[in-house]
Amino acid sequence: MRYLLLSSCLFILIGCSPVYKNLQPATGDINYIQKFKSVFNGTLYKAEIDVVGHHLSGLLLIKPLPDSSIRMVFSNEMGFKFFDFEFKKNGDFNALYVIKQMDKKPVIKTLKKDFELILLPQKDTPKAYLLKDDHSLYYIFPKQKGSFCYITDLNGNEMKTMEIASPHKPIVHAIMKNYTNGVPDTIGITHTNFNFTISLKKIER
Amino acid sequence: MRKITLLLFILTSAIATKAQLAGYTPVSDLTKFKEQFAVIAKKTETIKSDFVQEKNLSMLSEKIVSKGKFWFKKDNLLRMEYTRPYQYLMILNKGNMYIKDGQKENKVSTKSNKLFQQINKITIDCVQGTVFNNPDFITKVYENKSTYLVELTPAGKALKEFFKNINVTIDKSDYEVTTIEMSETSGDNTIIRFTNREINTITPDAIFAIK
Numbered sequence: 001m002r003y004l005l006l007s008s009c010l011f012i013l014i015g016c017s018p019v020y021k022n023l024q025p026a027t028g029d030i031n032y033i034q035k036f037k038s039v040f041n042g043t044l045y046k047a048e049i050d051v052v053g054h055h056l057s058g059l060l061l062i063k064p065l066p067d068s069s070i071r072m073v074f075s076n077e078m079g080f081k082f083f084d085f086e087f088k089k090n091g092d093f094n095a096l097y098v099i100k101q102m103d104k105k106p107v108i109k110t111l112k113k114d115f116e117l118i119l120l121p122q123k124d125t126p127k128a129y130l131l132k133d134d135h136s137l138y139y140i141f142p143k144q145k146g147s148f149c150y151i152t153d154l155n156g157n158e159m160k161t162m163e164i165a166s167p168h169k170p171i172v173h174a175i176m177k178n179y180t181n182g183v184p185d186t187i188g189i190t191h192t193n194f195n196f197t198i199s200l201k202k203i204e205r
Numbered sequence: 001m002r003k004i005t006l007l008l009f010i011l012t013s014a015i016a017t018k019a020q021l022a023g024y025t026p027v028s029d030l031t032k033f034k035e036q037f038a039v040i041a042k043k044t045e046t047i048k049s050d051f052v053q054e055k056n057l058s059m060l061s062e063k064i065v066s067k068g069k070f071w072f073k074k075d076n077l078l079r080m081e082y083t084r085p086y087q088y089l090m091i092l093n094k095g096n097m098y099i100k101d102g103q104k105e106n107k108v109s110t111k112s113n114k115l116f117q118q119i120n121k122i123t124i125d126c127v128q129g130t131v132f133n134n135p136d137f138i139t140k141v142y143e144n145k146s147t148y149l150v151e152l153t154p155a156g157k158a159l160k161e162f163f164k165n166i167n168v169t170i171d172k173s174d175y176e177v178t179t180i181e182m183s184e185t186s187g188d189n190t191i192i193r194f195t196n197r198e199i200n201t202i203t204p205d206a207i208f209a210i211k
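The listed protein sequences correspond, in order, to chains A and B.
Residues 1 to 205 in the numbering used here are what the first sequence lists, from first letter to last.
Residues 1 to 211 in the numbering used here are what the second sequence lists, from first letter to last.
Don't read these hints as lab results, they were simulated from the structure.
The structure displayed is predicted, hence computed values, not measured ones.
Note that beta-carbon positions come from the ideal geometry of N, C-alpha and C, so glycine has one too.
Errors might be hidden in some of the hints.
Stated by the list, open to error - Taking lysine-lysine and the BS3-like style, the derived pairs with C-alpha atoms no more than 27 Å apart in a straight line are:
hint, chain 1, residue 1, chain 2, residue 2
1, B, K43, B, K140
2, B, K140, A, K202
3, B, K63, A, K63
4, A, K177, A, K89
Stated by the list, open to error - Part of the chain A face toward chain B, derived, beta carbon under 10 Å:
hint, residue
5, D67
6, M78
7, K104
8, K105
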């Protein structure tokens with residue numbers, strides 16, 4: 001038992017990103033975060049993407065398919081498609097279509113990570129752990145570089161914010177709020193290291 | 001040998017039939033059609049119309065419907081005002097484009113963006129009747145009992161990335177454009193249907209003004 005406790009502490013110390021180093025280990029069910037997972041069902045958002053001086057606006061459709069994959073299609077008001085992304089249940093990702101002007105590896109990679117953050121990780125994600133401070137619980141999901149972090153109040157009633165953190169600092173902040181039937185009305189994603197924001201507002205169809 | 005010839009004939013007929021659009025045959029008198037279309041278009045000074053736009057995402061079995069009002073005035077003045085699913089205004093005034101999206105306003109010179117220019121030219125060309133002179137497309141014309149169908153196939157690489165083809169349906173009775181269908185290579189398409197059309201009504205220039 002002593003060895004188990006020691007190894008758990010070591011795992012947290014090694015796995016813990018320096019960005020969250022001042023937080024305390026916490027106990028609890030890491031899968032509890034799943035309750036904030038959105039139930040997108042052919043949900044349509046008015047979308048605005050601002051990237052280093054370029055403004056794209058249009059409609060973003062988020063739809064789960066029978067194979068449990070999720071598709072995100074972004075097109076402008078006149079119907080011209082910007083991208084069509086597929087997020088597989090096993091974590092695989094496919095950019096099925098990307099307009100030539102956006103078809104750049106860093107752009108696709110950034111959008112992929114941003115949308116993965118708001119889709120939330122799968123249940124029982126290995127190596128995930130919990131931290132806390134006086135006000136919040138931090139659900140940490142380590143990635144190849146950095147981590148995804150979901151911050152709730154101590155009771156786990158409210159999702160305060162979501163973050164993508166580099167090994168040194170949070171680089172993306174995201175919010176999802178005003179849920180109706182499991183679907184957020186407003187989603188916002190902001191990058192702190194360069195001028196890149198995504199704003200989504202749900203549209204009744 | 002006769003059987004083989006018959007089989008070949010049936011096969012080639014089937015392929016030929018498939019190559020043209022279902023229910024349509026190539027127009028019998030293309031010169032007459034072009035002349036008539038140009039005459040009507042020349043007389044058309046203004047158009048005011050409602051429109052319904054359907055974006056069909058084939059693989060997702062999804063249809064996104066938008067609605068709004070459309071104004072056109074010679075030459076090169078266009079206003080598309082989307083009222084559903086949200087307010088969005090686009091004005092084309094010669095070489096400039098104005099967009100109002102909620103509280104955000106944006107002015108773009110289409111001259112600086114070749115693709116924008118080409119896409120805008122399609123709409124203007126369709127309503128102005130100059131679509132056959134547009135070098136960006138290879139044009140074919142078909143007909144059925146009540147409509148003409150102009151099939152525009154992109155000639156250049158940039159437009160080919162967006163469209164497989166654009167089909168413009170024209171009513172035989174008045175030579176007015178009733179639908180524009182833009183098909184993508186992925187199988188998705190966008191159809192704009194025009195209804196409640198009013199021709200040559202008083203349309204002040206002010207509604208196309210870019211402030």
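Going through the hints against the structure:
1. Between the alpha carbons of K43 (chain B) and K140 (chain B) the distance comes to roughly 24 Å, so the proposed pair stays at or under 27 Å and holds.
2. In summary, the hint linking K140 (chain B) to K202 (chain A) is not supported, as the alpha carbons are separated by about 41 Å, beyond the 27 Å threshold.
3. Restraint check for K63 (chain B) and K63 (chain A): the C-alpha separation of about 12 Å stays at or below 27 Å, so the hint holds.
4. Taking the CA atoms of K177 (chain A) and K89 (chain A), the gap is about 24 Å. The hint holds against a cut of 27 Å.
5. Evaluation of the D67 (chain A) hint against chain B yields a violated restraint, the C-beta minimum of about 12 Å exceeding 10 Å.
6. Below 10 Å, beta-carbon pairs count as interface contacts, and M78 (chain A) has one with chain B at about 7 Å; its hint therefore holds.
7. The beta carbon of K104 (chain A) is not positioned within 10 Å of any beta carbon in chain B (closest approach about 15 Å), and the interface hint is therefore violated.
8. For K105 (chain A), the interface hint is violated, the least distance from its beta-carbon to any beta-carbon of chain B being 18 Å, above 10 Å.
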